Amino acid sequence: MNRRVASFALGWVLAGGMLAGGMWPAVAADRPPAQAEPRRSLTDRSVAWPSWLQWRGLLRLDDYNTRVVVLGVALLGCAAGMVGSFALLRKRALLGDALSHATLPGIGLAFVAAVSLGRDGKSLPILLLGATVTGLIGVGAILVMRHLTRLKEDTALGAVLSVFFGAGVALLGVIQQMKGGHAAGLEAFIYGKTASMALRDTLAIAVAAVLCIGVCLLLFKELKLLCFDEGFAGARGFPAVRLDVVLMALIVTVCIVGLQAVGLILVIALLVIPAAAARFWTDTMWKTFVVSGVLGAVGGMVGAGISAVFSRLPSGAMIVLVCAALFLFSMVFGTVRGLLIRGLHRTRLNRSVDRQHLLRAMYELLEASAGTPHRPPANGLDVDGSAQQGTVAFDELLATRSWSSLRLRRAIRRASRAGLLERRNERIRLTEQGVAEAVRRTRQHRLWELYLITYADVAPGRVDRQADAIEHILEPEILAELGALLDERRWEVPASPHPLGVGGVQTSLGDGAQRD
Amino acid sequence: MRNASNSGGAQVASQGSASSEAAAVPLSVYDLTVAYHRKPVIWDVGFDIPAGTLVGIVGPNGAGKSTLLKAVMDLIPRASGRIQVFGKDYAQSRRRVGYVPQRETVDWDFPVDALDVVTMGLYREIGWCLPVRKKHRRAAMEALERVGIADLAHRQISQLSGGQQQRTFLARALVQDADLYLMDEPFAAVDAATERAIVDVLREMQQRGKTAVVIHHDLQTVSAYFDHVVLLNMRVVASGLVGEVFTPDNLRKTYGGRLTLLDEVAEAMRNQERSL
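Quick note, the sequences are listed as chains H and S, same order. In terms of my numbering, the first sequence opens at residue 1 and continues consecutively. In terms of my numbering, the second sequence opens at residue 1 and continues consecutively.
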């Protein structure tokens, strides 16, 4: 998971850095003043708050154009999320990033070629064709560098990504100087601009997205196997290389098709973020796949919607921000790996450990006071009216180990609520249920201590500490094995192999230190 | 292979009888050489594995044990040599071969549970683009029962212990009901219970006439677990019945070269330190 989060963070930092660095304005500033329609510089981000009517129109998807664009981008997001869930597991996500950056020179070249051939420079198919060509060249360059030199993949990736992007920016600068080069609009490919999407293009995007989803569904099982265990897939006769090519083709398709809506800088986010977020909700591949698709779709839909209302905000940024919000939400509230649920599990574990320590401390104190160390203190607990019989003072408990009085008090309160203890004034006694549990816990602890002394050559003075660390995770089978090994009768608690008493842990620690 | 022999002898002996009992021999390797970047990893390796035997492949780190298995399954290109699995090319006998890769080769954080992993052993039988059905899950469950972890079927694989992960891999190979099993260090870093479970499965397989070729690193248990052994260190030092081949002398030959080299390196380092 760490690696995934790291790659997510890296993509995010890259994207943010480029935005903040303002690489684009340097080019945009030279652009000739706007023509008939007042075009704004991309750096002009003044935002007008939309009217209520605009909001309502958006929510009801009144405008046919908006409706198509929003749904198209939602489909794109869904496809990206699904493809991304495989790409992430195959650790191919950053390759997608390099690919999308490498598309920029292709867009520029395609534009130049189309104009010089007397065609419309902004025809989407031509531009995307150019984008695909240089994108693939970029990926090829990475593979060649990695294969021929000893450079690591991330080095090759960083070099290719920046060089191609730089070449693209330079090329766009040149295009601005060209006569008849109405290049304005190409910048939409950098940051993404749903407003510039023609209806026909949107439909093409939707079709491509549906195709990607279809391929993912058809080859779900095979791609899953490839991502999990390439060697086994190969041994079983699945063409690993060809499956890899299919996955790469899916990534390429999503990146290229997403250029217009999300922009080449940010399209990687659509592959990475939903897939990373999905992992917080589930532990199975199918659910990861579906959740990732849904998150991508929501991100695309809401992002495109927002940018339809705030027309000056690039849609790519909006889509990514919505996705990031979904990611944060998933990270905190995710039902399987979310921070909250994990914190809850940890607290629960700590509490159960505290309870076990408490019960054992009770047992050992009672054992010491009863003077018959080998026998369970059940007889000492017979309710015969005498208040002191079978009870322990809070301070005595506090001295048994290094826990704070607050922590101990809480542990006692929880245990008494669970019916294991009873509190009488400042003294505490075990209930019947509590005795049984305390006997069980103490037995576990001592069996493990005996095992360590007998079989692992641990000094008796140190054994308490070591058994302390491990006893909470002993499973029933191991305990049964321990009992059999040490030839102890099933329910009897063996005598402690080291001196007990007030501050038993500290004593034994001191003991151990001397032995060292 | 019946007799203790060096690599050359083993091939010659097998080639004589190859035509008559080709179909019965689960695995024959002739003159196999594999190289990474032109540096040979295994060199001129040849041996036969008789049917119904448990075979241990033993040798030092870097001796080419995993490479050998991968070359058998056409996972890596071979520089020269020929491999026959049940008398045919691997691609034709693939259905009859089960593979247990090393545990470290996969990302255990992957979002699948133990049952999912075992089901992967059936993907080939299920067929391209078709979904996993109930009967496949049932078969996978039975395989998990055979290795004794059916109760963990729905645990995400990172929540399994190392031994349980290894058993999951074993179950994945078992589920396809192969005749020849190739296992890459199944006993590496597993608990005692898992070791016992794997040995039980191996014995049971042998009783049903299956063959297993197992890369093994624990010299203490070789005689107890296997009836045949291949001692490998780039070349086959010896192969044959454990009782005849697994001798101190052969072991010294297998592990010797490397150790002397280590000694030399250590000596060189000491000299360098002294000169400083």
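Take the hints with a grain of salt, since some may be wrong.
Said to hold, decoys possible - Restricting the straight-line Cα-Cα distance to at most 30 Å, the calculated cross-link-like pairs of lysine-lysine (DSSO-like) are:
#1 H:K287 <-> S:K39
#2 H:K91 <-> H:K152
#3 H:K287 <-> S:K134
#4 S:K39 <-> H:K91
If you're looking for bench data, these hints aren't it; they were derived computationally from the structure. Bear in mind that the values here come from a model prediction, so they are computed numbers and not experimental data.
Structure-based check of all given hints:
1. H:K287 <-> S:K39: violated (45 Å)
2. H:K91 <-> H:K152: Distance ~14 Å between H:K91 and H:K152 Cα, so the pair holds.
3. H:K287 <-> S:K134: Satisfied, since the Cα-Cα distance of roughly 18 Å is no more than 30 Å.
4. S:K39 <-> H:K91: With a Cα-Cα distance of about 29 Å, the restraint between S:K39 and H:K91 holds, given a limit of 30 Å.
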